[in-house]
Structure formats: C-alpha cells, structure tokens
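Enquirer: Here is what each chain is made of, one letter per residue.
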Amino acid sequence: MQHGKYRFIVGFLALPLGLYALFVVWPFIQSIYYSFTDWTGLSPEFKMVGLDNYRRMLDDEIFWKSLQHSLIFALVLPLVTISLALFFSFMINVGGRKRRGGPVVTGVRGSSFYKIVYFFPQVLSIAIVALLFAFAYNPDSGAINSILRGIGLGSVQPLWLGDPSLALWAVMAVLVWSTVGFFVVLFSAGMASIPADLYEAALLDGAGRASTFFRITLPLLWDTVQSGWVYMGILALGAESFAVVQIMTTGPGGPDYSTTVMVLYVYQKAFRDGQAAYATTIGVALLVVTLAFAALVMRLGRRERLEY
Amino acid sequence: MGSTSAENSNNGSAGVGRRDLIKRSAALGLISVPTMSFLSACASSGGDDSGDKAKAGKKTAKNPLAVNDTAQMEFVLFDGGFGKEYAEDAVKIYETNFPKAKVKFSATQKIQSTLQPRFNQGTPPDLIDNSGAEQMDMGVLVGKNQLADLTPLLDAPSYDDPSKKVRDTLRPGIVEMGQFDGDPVWIMYYAYTVYGVWYSQKALDSLDEQYPETWDQMLAVCAKAKKKGMAGWTYAGKYPYYLPFSLYPMIGKVGGVEVLDAIDNLEPNAWKNPAVKACFDAYYELYKKGYVLKGTPGLDHIQSQTAWAQGKALFIPNGSWVENESANVIPKDFGLAVSAPTGIDSSDKMPFGTIWASGGEPFIVPAKAKNTAGGMEQLRIMLSEASSKNFTSKVKSLTAYNGGTDGITLTPGLKSGVAALEKAGDNVVNPRLQDWYVQLQKEQIGVAGLGEMMAGRLTPAEAIKKIQGFADAAAKDSSIKHYKHQ
Numbered sequence: 001m002q003h004g005k006y007r008f009i010v011g012f013l014a015l016p017l018g019l020y021a022l023f024v025v026w027p028f029i030q031s032i033y034y035s036f037t038d039w040t041g042l043s044p045e046f047k048m049v050g051l052d053n054y055r056r057m058l059d060d061e062i063f064w065k066s067l068q069h070s071l072i073f074a075l076v077l078p079l080v081t082i083s084l085a086l087f088f089s090f091m092i093n094v095g096g097r098k099r100r101g102g103p104v105v106t107g108v109r110g111s112s113f114y115k116i117v118y119f120f121p122q123v124l125s126i127a128i129v130a131l132l133f134a135f136a137y138n139p140d141s142g143a144i145n146s147i148l149r150g151i152g153l154g155s156v157q158p159l160w161l162g163d164p165s166l167a168l169w170a171v172m173a174v175l176v177w178s179t180v181g182f183f184v185v186l187f188s189a190g191m192a193s194i195p196a197d198l199y200e201a202a203l204l205d206g207a208g209r210a211s212t213f214f215r216i217t218l219p220l221l222w223d224t225v226q227s228g229w230v231y232m233g234i235l236a237l238g239a240e241s242f243a244v245v246q247i248m249t250t251g252p253g254g255p256d257y258s259t260t261v262m263v264l265y266v267y268q269k270a271f272r273d274g275q276a277a278y279a280t281t282i283g284v285a286l287l288v289v290t291l292a293f294a295a296l297v298m299r300l301g302r303r304e305r306l307e308y
Numbered sequence: 309m310g311s312t313s314a315e316n317s318n319n320g321s322a323g324v325g326r327r328d329l330i331k332r333s334a335a336l337g338l339i340s341v342p343t344m345s346f347l348s349a350c351a352s353s354g355g356d357d358s359g360d361k362a363k364a365g366k367k368t369a370k371n372p373l374a375v376n377d378t379a380q381m382e383f384v385l386f387d388g389g390f391g392k393e394y395a396e397d398a399v400k401i402y403e404t405n406f407p408k409a410k411v412k413f414s415a416t417q418k419i420q421s422t423l424q425p426r427f428n429q430g431t432p433p434d435l436i437d438n439s440g441a442e443q444m445d446m447g448v449l450v451g452k453n454q455l456a457d458l459t460p461l462l463d464a465p466s467y468d469d470p471s472k473k474v475r476d477t478l479r480p481g482i483v484e485m486g487q488f489d490g491d492p493v494w495i496m497y498y499a500y501t502v503y504g505v506w507y508s509q510k511a512l513d514s515l516d517e518q519y520p521e522t523w524d525q526m527l528a529v530c531a532k533a534k535k536k537g538m539a540g541w542t543y544a545g546k547y548p549y550y551l552p553f554s555l556y557p558m559i560g561k562v563g564g565v566e567v568l569d570a571i572d573n574l575e576p577n578a579w580k581n582p583a584v585k586a587c588f589d590a591y592y593e594l595y596k597k598g599y600v601l602k603g604t605p606g607l608d609h610i611q612s613q614t615a616w617a618q619g620k621a622l623f624i625p626n627g628s629w630v631e632n633e634s635a636n637v638i639p640k641d642f643g644l645a646v647s648a649p650t651g652i653d654s655s656d657k658m659p660f661g662t663i664w665a666s667g668g669e670p671f672i673v674p675a676k677a678k679n680t681a682g683g684m685e686q687l688r689i690m691l692s693e694a695s696s697k698n699f700t701s702k703v704k705s706l707t708a709y710n711g712g713t714d715g716i717t718l719t720p721g722l723k724s725g726v727a728a729l730e731k732a733g734d735n736v737v738n739p740r741l742q743d744w745y746v747q748l749q750k751e752q753i754g755v756a757g758l759g760e761m762m763a764g765r766l767t768p769a770e771a772i773k774k775i776q777g778f779a780d781a782a783a784k785d786s787s788i789k790h791y792k793h794q
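Quick note, the sequences are listed as chains A and B, same order. Using the working numbering, the first residue of the first sequence is number 1, and each one after it goes up by one. Using the working numbering, the first residue of the second sequence is number 309, and each one after it goes up by one.
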C-alpha cells in the first residue's frame, strides 16, 4: 500500500517539481556558476576566475553601501508598513463603537470609504506611483514644497531626492504609501475570520481599544502578520525598491550613492557596465540576504499557534 | 507577481495552510530576485560564429563594398530623441539600390535588453544604433572582439562623389572618436553634437548684456539677473554629469588641451592641475553667491530645462539635442542660442570660443553579423549629403557629414551651434571620459563629485580630492579596459 501511495504522490508532483527545477532552481545554480567567471554579458566567451568577484565585492565600497540601504529597506519598511496597516485595519473592522441597531463589532464611521482610499494606490503601477512622486518631490515646483510654501513655511524647502540625507527616506515613504493598502486588505480579511463572540466577550468585560487589539486581534492574526512581514521584506529587497530607486533617484542611485540598493547595483553592473559576472556575484549576496531575512523572521516570530 | 501573492495570502488567511503560504510567498519572493535568472537565461546558449555569413557580392563602382544584393540586412535603431524617420528614409534608399535584398528594420528604446542575448548567441543584427539609456558598453564590446572594423567603409568612395573617400567627407575628429587604441575604427558616430552654455538671447537682451567672455563678466551678468529675480544658472541636478558639457571645455580653455588629455588618460594627479581648481572655484562661486536656481540639485534634466525655458534661469549647460528635446516648452521668441563656455580671464591658454563638439549617436556593425557589408553600405548611404540634410532638417541636429546645411532653413539653436563651430575653428576639444569610462564620468565625477560640490556639500578642494581618488581607482581597476589619447 505504502509503495502505491508514494507513486501516487510522485505522479502528481513530478510536473510541478520539474517546472520548478527548470525555471527556478536551475537559473539559481547557473547564476552561482557565472559568479565564478569573468563573463561580460555582451559576448558568449568567458573563463573561470575563481573567487575574484567575491574578493572584489568585499572591497567594493558601493556594494557595502547598497547592502546597508537594502537592509534598512528590509527592516524599516515592513515595520512601518505593517504597523500602519494593522492600525488602519483594526480601526476599520473592529475599532468602532456599537451604534444602535448595528452589529456589536464594527469599524469606525466611514470605514468602507477608508478601505477604498487605502487600497487605491494598489491599482496604480509602481512605475506610475514613482513618477508621480518624482514630480511631487520637485524642489522647485513640486507639490510638497508648494504646500510648504503655501502654509507659510517658505524657508523650509528641502531638496528631497537631491539631498543625500533625505533621499532614501523620501523613497521609502513612497513605498509605504503604495503598499500599505494591500496589507490593510490582507489584515481585514484575517480579522474577518476572528469570531465576533471573542470581541463581544471582551467588550462586556470593559476592554478598551488598545487591550482588545493587543489581547485578541494581534495574537489571532499573528500568522498573517508574519507572512505579510516576510512578503514585504522580500518586496523591499527586490522588485519594489528597484523600481522606485531606478525611477525616482535616477542620478543613478541618488546623490552620492545615498539610495543605491542591491538590486539596482546588480542591474547597473549587468546592463550598464558590461560586468554580468560581477552582477551575479552581487545577486548571490542578495540571495543570501533574502534567505537570511526570511529565516530570521520565521525564527523570531515562532510562537504557539492559537486555535479558535 | 503582486496579485498572485495577494490571492495566495487571502486564501491563507481564510484559515488553511498558512505554513504553506509562507513557504510559497518566500519562493515567489525569491523569483523576484529579479535579474539573476534572466541573466542566466542569456548566457546559456553559447554561440559559435559559424560560417553562415552572407557571401560577398560583386564589387562595382556603385557597390564598392561588394554587398550581396540578395542577402538580408538587419538594422536596429535606437528610437530616442531623433526618432526613427531619418533611418527609415535611408533604409528606403538601400531597398531601392538593392531591390532583391530584404531589409529588416526595427527601432527600440531597449537596445541592451533586445540585443544583449543576441550578442551572447552570436547572432547580432548587421547595423546597430547603440545609444540611449540602455547603451551597451563599447569598451566591453571592443575588448571582446564583438565589433567589425569600419575601415573598409571609411576607405570606400563616398556616396555622392566617387573621387572622394567617405573619411574625407566627415567632420574633424569623427574618425578618431570611433577608435579605441590603434587603427581600427569600431564606431561611426552619426550625429554631431555641440555642447556648451545654452541661453535665451531675448533674456540676455532684456538685461542689456552680451554673453560674458570672462568669469568676472559672468558674475556681473548673474548679479544683474538676480536683481531682476532670475537665477543665473540651472543644471540637471539629478544628473550632474551635464555640468561637464561646459565645465570640461572651460578647463581646456584655461589650462590647454593637455589638461583634458591627462584627465582622459587617468594620469596621476591630472585633476590637481591648477586649471581644474580655477574652474571648480569659478563654478562653486555661482553656488556661493546664490546664482544657481533654488532647488536645482533636486531637478532632473527635463525639469531643469523647463525651468530654464520658462525664464527662471539664464544659463544651462547642455548639448544640441536640447532644442529638439525641449521644443514644446521653449517659447517661440526665446532666441535659443549656444555659446562656448566663459573662461577665467585673458591669461587662459585658449581663446574664447573653445568649445566641446563631438559625435553622437554611435552606430556599430557587429563582427559576428551575417551581412557586415550590408550594414556598412547602409551607413554609407546615411553619410551621403542628401541623407544628412534630411536628418538635419528633421531633427535639428548636425551630422558627421561635413557641411550639408546649405539650402535648408536652420532653427535658431542649430544656427547658433553652426556659428559657434565656425567661431571655434580648430579650437574644438573632445573629452572622452563619457564614452571611455561611463561609470567614472556619470556616477563618480558627476553625481558624487560635481553634484555634491554644486549642492554646496563639498568644497572645490574636497571635490577635486574625491574625484582624483575615483580616477586613481579606475586607473587601477583591472576589470575596466583602459584607453589613452594617441
């Protein structure tokens, strides 16, 4: 019987596993292989150079800068985005007070409207969002400085993307703005599956908003939060940070490398400088960082699973 | 991939299989380590330059490059500020001359992503306009023997006059720009760009001023403009590598061409030349005295050009493409003009009028192309007087063909560019950092050096020290191919 069972499972898994191996695992192995060569990306010829690329990477000041920025992205972005999203979705779904004739557990007034507002940035492509904010950050005629002037703060006219100490934060703010809505929806869905009688009991016991949130919502939502955290961190290390940095601070990588992130650096090395092998080396470093990040979050976030 | 994960996550939060969800989203995220897998896909099919090249045709007076008149010719053009019409017109001539040949023409902005895999497979097209933001690194292409030597084209009779060689019809410096070291000519620059200080004659007139020739005059003009609420200068603050368009020829004017050559050759202490310091100090003074448009370091090239066209600033360092690029924001009565950079004073080594002009829009014929003769013949057609005039009248830019402006109405900027070239005579400089060492020029000297200095975050002395450090590092870096002025 056992034998038959395995054949059954293998039969089902063979195709997806094969596809996965071909399109995911194999390219990874290849990239790691190319990181030991001097391949330019512009000609099929290359030779093995051993660990040269890795040695170069360790001496590369810009690589360390980009690593540092990527780590800031991976730590700060999920923290800010997810805290905001948790707060918003709690207020939308649970934070309201009972109104006559309404359900016991409800969101604040106008919550369905807020839902749309938060989710709206999600329908815009990240490229559009980045362009939009690049205009808003224009220190001469952009919206933000105009508002500052309008409210009498004409003397405060930051350069935003042109200032190395602000550029990275300005870029991150855009990512928060554009991704928070997704997590509001994700957490709202999670909160919807928490039984309402738990909240009713808490309310009867006189619990306030804060204790309801920390004693009931957060613990029961923990798994969703954790996976959201990993997902956001990976986005911050990969695609999203690349798009905003590439489009907004095309300098490239901001004034004095202040916004260079690892993915951008990979791209520049591969597609501008004709150093594809070195780019794959940085790619491997990025892979290690991403895996370490995911492992760390899963490890730190492990806790007893609550059943309800 | 955002939406895919969203679905997964929503399923997950409905209660089933959250662990799986986490694993899955981790896997999805890993795919998003984006370039890695793509890169590998490029390299895997190692090409061999097998002998399926087009056979040579018959060499005649009309066909000096012996093009095979039945072979297909493929031409990939960068679809940028100059559009694609001029190339389509030239392709039509090729098709008329070789009616049996099939021409495959395409225009794209994504030169590198389209063509990099084809170079890797050994099947590149026959002629490429390797330009734009996705320009492939010429140094690498040459270093890896991917380009064909264009000497046969240059030695062929010109399209208009069989008694003249193509090379004799070109503007001075064009052939040399296509060389790296030694004789082979790898690149044919088709456009001819005049770099310098761009301004509105109307705005200058309104201040009762002429274009300043010495730096004291420059400061005086800026002071006058400031009183009228106008900034003296602006520049592409996010891409400060536009500053060299007027700064480098100024350094050449003040200290002589040798200073620029030493910089290009990455010689030790090349940046420590007093001429460099004098010019950096001069530019820094613009910042110190508040003559640079407020907020400039945060503007990109389009935004700064727009502010300048709106009259918020008098001067902007730029290249002759600005006329086409900013056509829709430059007012009709603007009086667009370009000048050679202002010098320091009368002790400068070169006269006022010393200007940076050089080839733009680099065309290459890949060594592994099937029909290299066809690619070169297409270039020969484009370098004819008629095609050159067609280009100039359509896109407001000069070409490598020397002349070709008679009988066509020149736009104000173009006219002023031609006049500036005439005034310069032999005093045309051509710094090569931007085509030899892209990263050094743009990112290090431009953004990290000049950009920081003009934003007031580095003094000229600090900027020079930093830039010299970058240049020394580039000179030592064995992963970069190094070049020298011959």
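Derived by calculation from the structure, the hints in this document are not laboratory data. Being a predicted model, the structure only gives us computed values, none of them experimental. No residue lacks a Cβ here, since even glycine has one placed at the ideal position from N, Cα and C. Where hints are given, some of them may not hold.
Here are the simulated lysine to any residue pairs, SDA-like style, with alpha carbons at most 20 Å apart [what the hints assert, rightly or not]:
{"no.": "1", "chain 1": "B", "residue 1": "K678", "chain 2": "B", "residue 2": "P460"}
{"no.": "2", "chain 1": "B", "residue 1": "K534", "chain 2": "A", "residue 2": "S141"}
{"no.": "3", "chain 1": "A", "residue 1": "K65", "chain 2": "B", "residue 2": "K789"}
{"no.": "4", "chain 1": "B", "residue 1": "K697", "chain 2": "B", "residue 2": "K678"}
{"no.": "5", "chain 1": "B", "residue 1": "K784", "chain 2": "A", "residue 2": "Y54"}
{"no.": "6", "chain 1": "B", "residue 1": "K602", "chain 2": "A", "residue 2": "V49"}
{"no.": "7", "chain 1": "B", "residue 1": "K789", "chain 2": "A", "residue 2": "R272"}
{"no.": "8", "chain 1": "A", "residue 1": "K47", "chain 2": "B", "residue 2": "K678"}
{"no.": "9", "chain 1": "B", "residue 1": "K452", "chain 2": "A", "residue 2": "E45"}
{"no.": "10", "chain 1": "B", "residue 1": "K602", "chain 2": "A", "residue 2": "Y54"}
{"no.": "11", "chain 1": "B", "residue 1": "K532", "chain 2": "B", "residue 2": "P460"}
{"no.": "12", "chain 1": "A", "residue 1": "K47", "chain 2": "B", "residue 2": "P425"}
{"no.": "13", "chain 1": "A", "residue 1": "K47", "chain 2": "B", "residue 2": "G430"}
{"no.": "14", "chain 1": "B", "residue 1": "K452", "chain 2": "A", "residue 2": "D59"}
{"no.": "15", "chain 1": "A", "residue 1": "K47", "chain 2": "B", "residue 2": "K597"}
{"no.": "16", "chain 1": "B", "residue 1": "K580", "chain 2": "B", "residue 2": "K789"}
{"no.": "17", "chain 1": "B", "residue 1": "K784", "chain 2": "A", "residue 2": "V49"}
{"no.": "18", "chain 1": "B", "residue 1": "K596", "chain 2": "A", "residue 2": "K47"}
{"no.": "19", "chain 1": "B", "residue 1": "K473", "chain 2": "B", "residue 2": "E693"}
{"no.": "20", "chain 1": "B", "residue 1": "K602", "chain 2": "A", "residue 2": "I144"}
{"no.": "21", "chain 1": "B", "residue 1": "K602", "chain 2": "A", "residue 2": "I151"}
{"no.": "22", "chain 1": "B", "residue 1": "K366", "chain 2": "B", "residue 2": "G430"}
{"no.": "23", "chain 1": "B", "residue 1": "K620", "chain 2": "A", "residue 2": "D38"}
{"no.": "24", "chain 1": "B", "residue 1": "K773", "chain 2": "B", "residue 2": "H609"}
{"no.": "25", "chain 1": "A", "residue 1": "K65", "chain 2": "B", "residue 2": "K366"}
{"no.": "26", "chain 1": "B", "residue 1": "K784", "chain 2": "A", "residue 2": "D59"}
{"no.": "27", "chain 1": "B", "residue 1": "K789", "chain 2": "A", "residue 2": "M48"}
{"no.": "28", "chain 1": "A", "residue 1": "K47", "chain 2": "B", "residue 2": "G451"}
Just a few of them, taken from the derived set where beta-carbon distance is under 8 Å, the chain A residues facing chain B [unchecked claim]:
{"no.": "29", "residue": "T40"}
{"no.": "30", "residue": "M48"}
{"no.": "31", "residue": "N138"}
{"no.": "32", "residue": "P139"}
{"no.": "33", "residue": "G152"}
{"no.": "34", "residue": "S155"}
{"no.": "35", "residue": "L159"}
{"no.": "36", "residue": "L161"}
{"no.": "37", "residue": "D197"}
{"no.": "38", "residue": "E200"}
{"no.": "39", "residue": "P255"}
{"no.": "40", "residue": "D256"}
Enquirer: Hinted pair, alpha-carbon criterion (20 Å max): B/K784, A/V49. Please report holds or violated.
Expert: holds, 18 Å
Enquirer: Taking only the CA atoms, is the gap from A/K47 to B/K597 under or equal to 20 Å?
Expert: violated, 55 Å
Enquirer: Would you check the hint for B/K596 and A/K47, treating anything up to 20 Å between C-alpha atoms as holding?
Expert: The hint is violated at about 52 Å.
Enquirer: Return the status of the interface hint for A/G152: holds when the least beta-carbon distance to chain B is below 8 Å, violated otherwise.
Expert: Violated: closest Cβ of chain B sits about 17 Å from A/G152, beyond 8 Å.
Enquirer: Holds or violated: are the alpha carbons of A/K47 and B/K678 at most 20 Å from each other?
Expert: violated, 26 Å
Enquirer: CA of A/K47 to CA of B/G451, is that 20 Å or under?
Expert: holds, 14 Å
Enquirer: Sort out whether B/K366 lies within 20 Å of A/K65, counting only the CA atoms.
Expert: violated, 59 Å
Enquirer: Taken at face value, is the distance from the CA of B/G430 to the CA of A/K47 at most 20 Å?
Expert: Roughly 17 Å separates the two Cα atoms, so the pair holds.
Enquirer: Please work out if B/K602 and A/I151 have their alpha carbons no farther apart than 20 Å.
Expert: Roughly 19 Å separates the two Cα atoms, so the pair holds.
Enquirer: Holds or violated: B/K534 with A/S141, Cα cutoff 20 Å?
Expert: holds, 19 Å
Enquirer: So if I understand the rule, the pair passes when the alpha-carbon distance is 20 Å or less; does B/K452 with A/D59 pass?
Expert: violated, 26 Å
Enquirer: With chain B as the partner, please determine if A/L159 meets the hint condition of a C-beta pair closer than 8 Å.
Expert: Nearest chain B Cβ about 4 Å off; hint holds.
Checked against the numbered hints above, the structure breaks hints 3, 4, 6, 8, 10, 11, 14, 15, 16, 18, 22, 23, 24, 25, 30, 33, 34, 37, 38 and satisfies the rest.
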